[in-house]
Structure formats: structure tokens, C-alpha cells
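Heads up: the protein sequence lines correspond to chains A and B, in order. The opening position of the first sequence corresponds to residue 1 in our numbering, with each subsequent residue numbered one higher. The opening position of the second sequence corresponds to residue 1001 in our numbering, with each subsequent residue numbered one higher.
Since the hints were derived computationally from the structure, they do not count as laboratory data. Accuracy of the hints is not assured; some may be wrong.
[Unchecked claim] Far from chain B, some chain A residues (derived; all Cβ distances over 10 Å):
#, residue
1, Trp3
2, Glu81
3, Asp371
[Claimed, not checked] Each pair of labels, with its calculated beta carbon distance range:
#, chain 1, residue 1, chain 2, residue 2, range
4, B, Pro1069, A, Lys181, 53 to 61 Å
5, A, Lys5, B, Thr1160, 35 to 43 Å
6, A, Gly236, B, Ser1163, 43 to 51 Å
7, B, Tyr1149, A, Ala244, 39 to 47 Å
8, A, Arg146, B, Pro1069, 34 to 42 Å
9, B, Gly1105, A, Gly236, 52 to 60 Å
10, A, Lys239, B, Pro1123, 29 to 37 Å
11, A, Asp208, B, Asp1063, 52 to 60 Å
12, B, Gly1194, A, Pro419, 36 to 44 Å
13, B, Thr1099, A, Ile293, 49 to 57 Å
14, B, Ala1095, A, Arg303, 41 to 49 Å
15, B, Gly1147, A, Asp208, 53 to 61 Å
16, B, Leu1102, A, Pro252, 31 to 39 Å
[As the list claims (entries may be wrong)] Calculated lysine to aspartate or glutamate pairs in the DMTMM-like style (CA-CA distance at most 25 Å, straight line):
#, chain 1, residue 1, chain 2, residue 2
17, A, Lys151, A, Asp61
18, A, Lys5, B, Glu1193
19, B, Lys1024, A, Asp378
20, A, Lys302, A, Glu79
21, B, Lys1024, A, Glu285
22, A, Lys5, B, Glu1092
23, A, Lys174, A, Glu79
Where is the CB? At the ideal position from N, CA and C, for every residue including glycine.
Below are the chains, spelled out letter by letter.
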Amino acid sequence: MAWNKLTYTGWGRARVASGLVARPERLSTLTRDLTETHAPAFGMRRSYGDVALNHNGRAYDMTRLDRVIAFDPATGVVEVEAGMPIGDLGRAFANKGWIPPVMPGTGFATVGGCIANDVHGKNHHVMGSFGQHVTAITLIQGAKTRKITPKSAPDLWKATVGGLGQTGVIASAKIQLMPCKGDMMVLTERRIDGLDDFLVAFDESRTDYTVGWIDATATGARLGRGILEEGEITSGINKSRDAAKSVPFNAPSWALSAPVVRVFNELYFRRVPAKGRTSVKPITEPFFPLDAIHNWNRLYGKRGFHQFQCVVPMDQVEMLRAMLTRIGTSGLASPLAVLKKMGAGRGGYMSFPMEGYTLAVDFPNRDGAEDLISELTDMAHDAGGRIYFAKDGVASAAQIAGMYPDQETWAKAVAKADPERAFETDLVRRLGLRDGTGAA
Amino acid sequence: MQQSWIILGATSSMARAMARRLAKEGATLFLCGRDMDDLAATAADCLARGAVCAEALLFDARDTDTFAPIIERATAEEGVINCAVFVGSMPEQDAIDATPELIAGVVTDSHIGPATFLQKLAPYIEARGQGTVVGVGSVAGDRGRIGNYVYGSAKAGFATYLSGLRNRLTRAGGHVVTVKPGFVDTAMTWGIEGMFLVASPDAVAGDILTAVARKKNVIYTPFFWRYIMLIIRHIPEFIFKKMSI
């Protein structure tokens, strides 16, 4: 196997790793190589921070293992190689009447990554997290390959789903797809004037797919204003859209400066008529709004950006307001800010979701951004909430102590699965996740 | 009319990408190679993406006994029979210097095996009055270079064979596309120093299918390799012999 010396990053490009990377094209090659070299795996590196990075170590790039292995049209169970992008899976089966029950905000995320981060989608309040729909995982733990199910190995299963790849390399998985009417979505968008209205709108929403875009630059009476998007899958004529566009080079630092973002957000808010609107779109558009612009992370310039995402319990509305106020006055907010009401569904010990409100905001990696994220992390902690490891590149071990109540149980299961700590990544080391110091 | 494609060397990433594109067009696919587990995975993938039929069949360029069953199976289908050849092997030149006997294998994998197979298939294409053969050569076949001249000479031989086959099949309604890829981002080039302007296997597959649709004769992919090789071919031998590129 050839090892390529590479410098690579997560999607945010603010955390960088260099090390040797292998990119097997067959499962048999991966199995053989892992017998000799135990190292973590990554997919499309769409997580933002350093959860998929292994600086000064080795790693496996899974993106060439991207095939459907088997599909049962009677039950809708599909088995795929872990490097398959989730959007590909959606496109391959939607016109046959099946769709992945959970899809994250980008179709480029791989199935392996979706499991390892136990991702959620705009329908989390209905369908729970991705891992809850996985029925079997092939896990390569060095020389040993195990096919596990939630029943055959319950402890290892819960340590693997949302387990950040620490129990071994996820080589393939079976997913229970969900029947769907077609590959179109009826999408209703309406303006929401402030945070309180948003929370009421979430309570009243009855659609399967619900998400809020927030104008994170708004303050005062307009704090928390934005657009509520509600969608349902339907059938119709799918005129596939134009080919994807690409951001060809790094944007200058003023591209997403405070005044530009304020103007952009004002226009984006007014894009939706005051009375709202309903349209029918191919499902890929509302599911993966930014996938149409390849390399959009370059808009943040060469220093990259961070995303902060937390979830706080339902009764912590005042803390949410305090966070939005802090963000709104920071001058660091970008156009990308999302609010969503989460259900309780989660698949593993270290899964992110909990019942409450989840807020995600991008910040360009400028001076002050990391301090602000650190402050927001403390606020989430004080609210009894938690941050999302798939996004994080900033927090410290002390800051996340107690956020994940099952952390110690997870660390024990992981120690059993990987006693040599061969699958550790930069985030796991930075946060000391496996040290057992986390449980407060 | 139903399009059937025999793909030789279907475990290569370029072949896989091409099979996937053909699957989306609803083709019938015969995926041929030696790693049957891997071929079965590609077959399942192609079926999920729209192939009417996708089967994994054993093909070994060094074992002519494996040829007839493939041709028999493919010609049992009605419609147009096409064939794409992706096979070839490239041991390090150092390894060949140490063991010159390796040359027989390289030439068999890249030239003799596929040429023998196509020679057996040609009468069927002639009989049906249509069908396309895609032969993947290499820019390495355009000029012998110190780094890989054994591989290059095998590819050059295959390219000449394809030229003759094109001459033959054209008069019966068939067609032959000779493909010369430059650097492609595959397992073969992963981690090798000095790669530049590397193309993705999917982009190469797209170029090949465009060439098939437009009945091109010889294509370089990505296209600019035509000009790079034009220059390299025209360097006078008395200079070229002292260069190491």
C-alpha cells in the first residue's frame, strides 16, 4: 500500500494536520492494510474541526470505497461501503421510492462519517438520528473484522454509533431506508420576526422537515429574526438543476466582514415575501442548500472558519437569547446561522442530540472568533447543554466536562475495543475524551 | 437499442467510474477481472444505479481459457455489444531490470491478452454491424522513456493493434476509440512523486463516453495531454536520449 504524505484539513480549514494517508480502492486492500497498520479513517472531511484529523500520524481515506453492496427492494435495507456520500445514496434510491431517513446538511458527508458522528437532519424531531436507522456495521479493528448489530454487541454498538471512529474503522453498514413518495419537496418559507416567534413557530410546525435560518447579526427587538423552512416529501417532475458552481479561489478577508454580512442577511431575509411562499423543489436543494457551490469554504479566505454548534434544554430559552445577543454584538457572525428544535433521538453513548434547541453559527477565523466560541461553549455548559464534536475545533477538556453523561461508559468500551489507542484523532486527544476525565 | 458493455479490468477506478456512468444510462454490464468479490460489489452498485443487468465474470489476461465464456455470455444478449479494455500492469522499471523475465507478463497484460480477446470478439461486432471498442492505452506509449519503457512499449503495441482493428471494424459498421490518459488519480499514482495536472477517474470516464458518442478515433484525456505529447514526440532523438522526463 502506498502512503502519501499529505497536509489536510477539516471543512473549516482552521485546523490542519499532516501525515501519511492511504486510500484503498477495495475492501480487501483496506482489510489487509489495517492488519499491519492500525490507524483512524476519514471520509470527505466535511466535519469542521479536527475530529477527522490525525496530525503526525497515519490515516485511511475512505472515499474510494463508495459502492452499494446490496439492496433488498422488499425491505428497503441497503448495504453500502462506508465511503459513499449520503447524497449519492439519496439520489440512487429516491426515484425507486426509498430515501435515507436522516440526511445531514451536506450530501457530501460519507455514510461512515454519518455513523461516527451520529448526525441529525431537519427531521430530527420526527426520525431521530442517523445511527438509529443503521442495522449492521462492519468494523475493522486491526486484524479482527466484526459484523455487529445493536443486538449482537450492544455495548460496542453504542460506543461505535456517534463514537468518532474510536472503536475501529467502519468499513460498511446496512441502513434501513424509509419509503418516500418521490424525489421532490414541497417547501414553505416564511419570515419570523424574533426569537420568541421562532419558538412558537417550532411548536406549531407539523411538517417532517423543519429548520430555521437566523439573521445572526440582528440585535434588539429583531434578535433571532429569520426564516422558517418547512418541508414535506412529494412526487413530481424533477428537472435537475444546472451543474454545480465552484468557488475557484480563496476570498479576501473583507468578503465576509460585518457590514457585508449585515447587508447580505437583510437581503436574504427579504428574499422571502412578507406573506411567505410555497414552492416545489428537487429534494437535494432543501436538503443540501450549499452543495450547489463547491468549495464554498473558500469564501472565508485562507484562514478558514469555525462553526459553533450547541444544543440547550427546552427551558433554557434565556440562555439562547443571551447567546444570540453575544453573537449579534460580536461583529463576527456570518450569514450561516441555523436554529432547530431537536427531539430526544440519539443512537450512541456520545451522540450529540438531546431534547432542546440547537444553534449553529459559522464564524470566520478572525481575531476574537476562538474566544467568542469558547465563551459560547461555557454558556452551553452552564445551560446543561452540549457542543457538537463534528463542528468543534476550539474547546478544551475542562470546558466539555459533564456535557456527555455517558462519556465514562463510552471510554471504557473504547478502551476494550482499541487498547493501543490506535484510532485516536486530534479532537479526541485535545478533549481527552478517552482519558475518563470528562465525567463531572 | 440495448447497449451491452464488456469491461475488461473492471476493478480499476477508471473502469469503475465508466461502469457507473453506463449504469445510469441503463446499460447491460459484464464486469470482468480477477478479484471476484470486488467485481460483485461493483455489479451491485451498478444495478442500484440503473443498469439493466450487471454481472461479474472472471477475466485473466494471462489465461486465454477465461475469454470464451465472457464472449459467449455477452453475445447471448441482443442489441449492441461494446467492449472497453482497461487492463495492463506496470511493475517498477527497477524490478524489471532485476528480473527481465517480468517483461512477458507486462506485455501479456497490456497487449497480448486484450488483443487476443478483441480478436475473438471482432467477428461478432462485424456480424451485428455495430459496436464500439474502447482501448485504454497510455501517453507512456507515445515515446520510450527511461522510467517505464517496457510498459510504454506494450502500450505502444496495443495502440498500433487498435489502429488496425479500427481499420477493420469501420468497414463493418463498428468503431474503435483509442484512449490515452495522462496522470489519473488512481491507486497506481497515489503517493508517487512528481504528479501534476492529475485528473479524476470520473472525469476520464466522462471524456471516454463523449468520445464514444462522437466516434472519435484517438483521444487524450484530459485533452491538454495531446499538446504535451505533441511536444514530447517532436523532441529530436539526439536530445531526447539524454533527457530523463
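_Pairwise beta carbon distance, Gly1105 of chain B to Gly236 of chain A, judged against the given window 52 to 60 Å_ = holds (55 Å)
_Restraint status (C-alpha distance of Lys1024 of chain B to Glu285 of chain A at most 25 Å)_ = holds (21 Å)
*Taking 36 to 44 Å as the hint, is the beta-carbon distance of Gly1194 of chain B and Pro419 of chain A inside that range?*
holds (40 Å)
*Quick one: are Ala1095 of chain B and Arg303 of chain A within 41 to 49 Å, going by C-beta?*
Roughly 46 Å apart at Cβ, these two residues keep to the hinted range, so it holds.
*Quickly compare the C-alpha distance for Lys302 of chain A and Glu79 of chain A to 25 Å and report which way the hint goes.*
Violated - the C-alpha atoms of Glu79 of chain A and Lys302 of chain A are around 38 Å apart, more than 25 Å.
*Taking 53 to 61 Å as the hint, is the beta-carbon distance of Gly1147 of chain B and Asp208 of chain A inside that range?*
holds (58 Å)
*For the pair supplied as a hint, Lys174 of chain A and Glu79 of chain A, confirm whether the alpha-carbon distance does not exceed 25 Å.*
holds (4 Å)
*Check the non-interface label on Trp3 of chain A: least C-beta distance to chain B beyond 10 Å or not.*
violated (6 Å)
*asked:* A cut-off of 10 Å on Cβ-Cβ distance, and Glu81 of chain A was said to be off the interface with chain B. Does that hold?
replied: violated (7 Å)
*Are the Cα positions of Lys151 of chain A and Asp61 of chain A separated by 25 Å at most?*
Since the Cα atoms of Lys151 of chain A and Asp61 of chain A sit roughly 29 Å apart, the hinted pair is violated (cutoff 25 Å).
_Assessment of proposed distance window 43 to 51 Å (beta carbons of Gly236 of chain A, Ser1163 of chain B)_ = At 50 Å between Cβs, range holds.
*asked:* Against the range 49 to 57 Å, how does the distance between the Cβ atoms of Thr1099 of chain B and Ile293 of chain A compare: consistent or not?
replied: holds (52 Å)
Violated hints, listed in ascending order, are 1, 2, 4, 10, 16, 17, 19, 20; each of the other numbered hints is respected by the structure.
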